[in-house]
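Take each chain as given, in its own frame, and dock them per the hints.
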Amino acid sequence: MTDTQQPDTQNPGTQKPGTQKPGTQNPGTQNPDTYDVRETPVSGRTSTVRVPVGDRAWFVQRRTITLVLGCAAAMLGLGFVGLSYGTSWATPGEVFGALTGLEPSVVIAEWRAPRVVAGILFGAALGVAGAIFQNLTRNPMGSPDIIGLDAGAYTGALLVMTVFAGASMTVAFGSVVGGLVTAALVYSLSRSNGLSGMRLVVIGIAVNAMITALNNWLVLRAELEVAMAAVGWNSGSLNGIDWDDLILPFAVLSVLLTVAALRSQTLHQSALGDAIAVSTGVPLERQRMLMVLVGVGCTATVTAVAGPVAFIALAAPQIGRRLAKAPGIPLLPAALTGAVLLQLADLIAQMLLAPVSLPVGVVTTAIGGGYLIWLLAQEVRRR
Amino acid sequence: MTTRLSARDVTLSYGERVVSTRLSLDVPDGAFTAVVGPNGCGKSTLLRAFVRLLKPGEGTVSLDSRSVTDFPAKALARELAFLPQDPLAPEGITVRQLVARGRYPHQSLLALWTAGDERAVAEAMDTAEVEDFADRPVAELSGGQRQRVWVAMVLAQDTPYLLLDEPTSFLDITHQYRLLALLSRLRDEGRTVIAVLHDINQACRFADHLVAMKDGRVAAEGAAADVVDAALIKDVFDLPSVIVADPVSGTPMVVPE
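Order-wise, the sequence lines are chains A and B.
Number 194 in full-length UniProt numbering belongs to position 194 of the first sequence; there are no gaps in the numbering.
Number 160 in full-length UniProt numbering belongs to position 160 of the second sequence; there are no gaps in the numbering.
Just chain B, with the same shape it has in the complex (with noise of 0.2 angstroms):
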């Protein structure tokens, strides 16, 4: 297992509120991992650390053993791209014009567009699905539609890396199985896919590397199939459950007592 971003003894917080301590997390390159844990556990901050959204108090994130933070702005923009929970879309913008904002990191002062940005915007589109849509304004979309424009927007950032903080919120069950597809099929294009999830059984069944989080900290990480069973629930979830295989894939799967 190769790894170029690492999170190496951080300590995250916000203002006087400290989420996490010392905390470490290797992220393998070219899987898909899942971040899971009860709410406020530190999976989100732990992503805004790794897209300086969030400055750590101590230790470092890396990528490629250079710190986030050495990194100029749009040089790191062009290796992570990230998808926030509540991103803006501005009064009036189409599909079209919202995903061509993920270009940004490419271009320079004038935003002049070359064919290179037009292809990747169109890929984003045609990959995301969202091209029935393309000249539709944003506001107008259902939110499985809109989730998928988002998604568009940083495959058009065209990075190695895509986080996301529960893209899958919001969305209802049929949405949250294609855009987990999605990622899948992201992964499997070459592409380090980190996003957190709320369902421990999608992130058992799409995950090849699964980090549970409680207290800020790392409790278990690995493949599904090792770290998951009841013991590890009942410590991070604080749920008594009986672990099943999945019928349909056969990993793991969390069902409560």
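Same shape as in the complex, but just chain A (with noise of 0.2 angstroms):
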């Protein structure tokens, strides 16, 4: 009954040369203990990397190097065209004379440089909010933008803005507490039954638009001032950002984005299910819930420094997930893409009607729509 049937489920036949052990020649006298363990490692094959570390090690797919290489370098490239761009061209000269300080410049150094960082910093955190909501819901459209986290967070910011006349540190707070708001009124509307990932996504569609319907009133019944500021920053724009405004941006995101990478295994393990998530030992509601906070920490820290930049979030971690070829819907992929994406959208907000700088959101809108019509026409298809 035990070792005897062995040889039944033994199949030589289909199994490829050089992979059969010692040991699976006689399965009669197969004895467990004497297993010779195969020479190709876990993570397998010649499509990881292992790196050793100490003893153990970490296994990198070779596409995700790829990927880090080509992202970098699209960076650089797309930095570097930002860093020239404006109402006149910066030669290369120039670009590096006033990087190294020999040749200074305001308007490469003040005005375009701390908008290229920004939009590698943003776009990296947006993907990052976007893969984690989509791993969470377990549905692409899923993403932050999509169920109403940007708007909400937005609501935060001018409610501040425009009721408590805050300052920019208040402002971040608010668009936090908005996006958290948020978070909590789709996730308690859609529960029910548990949860389900297409059920939350519908119905954040719809908070989604009433709360943009709120947005409008409330700059409309805003002080002239306020509510041209705030109009500027409607669509989500990186016009007229300096290096003061990163500061606070980038510490907060620094740490989110270190919370979300050393929580991204367990991010990871949840995508088996509940059941294996809690039996293969995922503290569930624990992780579920620094998981929000952290996508919606980056979603909030974007929004109240960029305004609602819709679409990154959505699109950044599927073409990542594609591109990189990794398992489920990975972090460091989401990041990478969006950060490029939203460098490229901001290049292409500046250059279409030039010399005019439209709100990058019009951009990633126009561009993300088409892909999120798409994307519900193949989920309606799955149906």
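In short, the hints are calculated from the structure, not lab data.
C-beta: ideal position from N, C-alpha, C; glycine also.
Incorrect hints may appear among the rest.
To be verified - Result set (EDC-like, lysine to aspartate or glutamate): computed pairs, CA atoms no more than 16 angstroms apart in a straight line:
| id | chain 1 | residue 1 | chain 2 | residue 2 |
| --- | --- | --- | --- | --- |
| 1 | A | 325 | B | 135 |
| 2 | B | 74 | A | 285 |
| 3 | A | 325 | B | 91 |
| 4 | B | 55 | B | 9 |
| 5 | B | 55 | A | 274 |
Claimed, not checked - Covered stretches of chain B, as calculated for chain A (at least 3 residues, CB under 8 angstroms):
| id | stretch |
| --- | --- |
| 6 | 49-58 |
| 7 | 73-81 |
| 8 | 85-92 |
| 9 | 104-118 |
Right, dumping it as structure tokens:
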């Protein structure tokens, strides 16, 4: 019943040459204690690289390394264009001069450089936020911009600006609170008989629409100057960002992205379903809470400075996943793709109707809208 | 018979719906325990309570006389492995990557791999016979292959206990027997196996300890030869039947009238 059954279950005909181990030739005498462990490392094959860390090892997919290098090159290239482009093109010499301080240029170092850095930093944060929520909802449409978290964070920021006339620190705080309240609202509305990703997405879309209407009303009722500032920001914009605007977001996002990186393995373990997650030792409720905080924190921090930049969080994780050919929705490819996407979109926004610089959110919405339609069609077909 | 894992007077419910009241069960160590019973009798619920997916309203589920709720999450996961009915395979995951996920409770925050991790995954894939398609995406496999991959994943968890919720459902008869034979082999290697099984005859044939449940309580338990008779089948399944000896294994075989 036990060992004698094994010859039937072996199928030498389909075994790849070279994969047969000495012990399997004669299953009747097989002893589990004498198995030869195969040479190939666990995460296997040639598509992974083994990075030894002491007596342990860390496995990295070759595709991921290629993606990191590719995205780094793209960021450098786009960054260089971003530093050069303006009302007049700067020469490469001028850009290098400004960067090294040999040939100081306020325009390049104080105006264009923070904008390039903001594109990278905010893009990465939005990509990670999207990947987190798509993992949590197990749905490619469950990203913060679609389910109303951007809009909610913006409501928080608007309330602080218009009602309390707050400074940037309090605006950021209001933005985080707005995002969290919206997350709680969407979560509680969609929670009945357990949580379904699609249900959450549909309710999130409705909540998003309602909050966007509320935001418009808030802007209409605001003082003229505040309203003008708020509208310029309404669709998400990197116009006029300077280094001072980036200090707080940089600090906050560094912490949040570190937490996300440290918890990413647990996030991916949860993708196996609640039952396996719990039975393999994931503290599910705590993990979810933490991930929601990180995701909302990333979204709200970006929104507090740049307004609601839609569709990066939606598209970056899915593009990154395909480029990295990694299982599930990995965070690093989402961050890298998000950074490149936002940088690219911001350049397009600056160039499209030059010398007028469009809000970057207009560009991301235009491109992302098409992608969302395609995604919805896919989702409907799947059901 | 020694017992490390047991449920004592537990009340199990999903919200308002009470499934079991004052249910007790001792799981014999090193044995193959099969839980049988009609749909909705609380078999799966009991399994879920053992692995802490469901917290009992009253009573305790304990391992080594310590409530399972007192264990740190990963520490319990190094003792009990569970294969649910509806696990999710992330899109694009390969067999090897999925099996490797079984090592989660043995790893630290940074997911660094030890030689032990690598060995456990290799052995699990070998035991569950999934090496031939180790680098293929799980989504491309047949139902029988996929189920073996999930078994390999819980084996990689390297726990003394294996709990499986209807592992043979949706498998053809050949794969059902292959899987049950594999579970028996694991029992022979010293693991404790607890499986919810649909087929009473398979349960009689493979299990050392049979637990028949009805309406959230244990109707009978013991060796199949001792507990299975026409009266029990009538009581538990409401099915008139004749019990004969299985011509191959000699264990009781239920033939409905």
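Proposed proximity, residue 135 (chain B) with residue 325 (chain A) (alpha carbon, max 16 angstroms):
Roughly 13 angstroms between the alpha carbons, so the hint for residue 325 (chain A) and residue 135 (chain B) holds.
Do at least three Cβ atoms from the stretch 85-92 of chain B come closer than 8 angstroms to Cβ atoms of chain A?
Answer holds; 7 residues pass the 8 angstroms Cβ test.
Run the distance test for residue 55 (chain B) versus residue 9 (chain B): straight-line Cα separation, threshold 16 angstroms.
holds (13 angstroms)
Does the alpha-carbon distance linking residue 74 (chain B) and residue 285 (chain A) stay inside the 16 angstroms limit?
holds (15 angstroms)
Take a quick look at whether residue 55 (chain B) and residue 274 (chain A) sit within 16 angstroms of each other, Cα to Cα.
holds (15 angstroms)
Mind taking a look at whether chain A covers the stretch 49-58 of chain B? Criterion is 3 or more residues with CB to CB distance under 8 angstroms.
Per the Cβ count (3), the hint holds.
If you look at each residue in the stretch 104-118 of chain B, do at least three have a Cβ nearer than 8 angstroms to any Cβ of chain A?
Three-residue rule met by the stretch 104-118 of chain B, so holds; n is 12.
Has the given pair, residue 325 (chain A) with residue 91 (chain B), been kept, meaning a C-alpha gap of at most 16 angstroms?
holds (10 angstroms)
8 angstroms C-beta test of the stretch 73-81 of chain B against chain A, three or more residues:
holds (count 8)
Consistency with the previously given hints is maintained throughout, with no hint failing.
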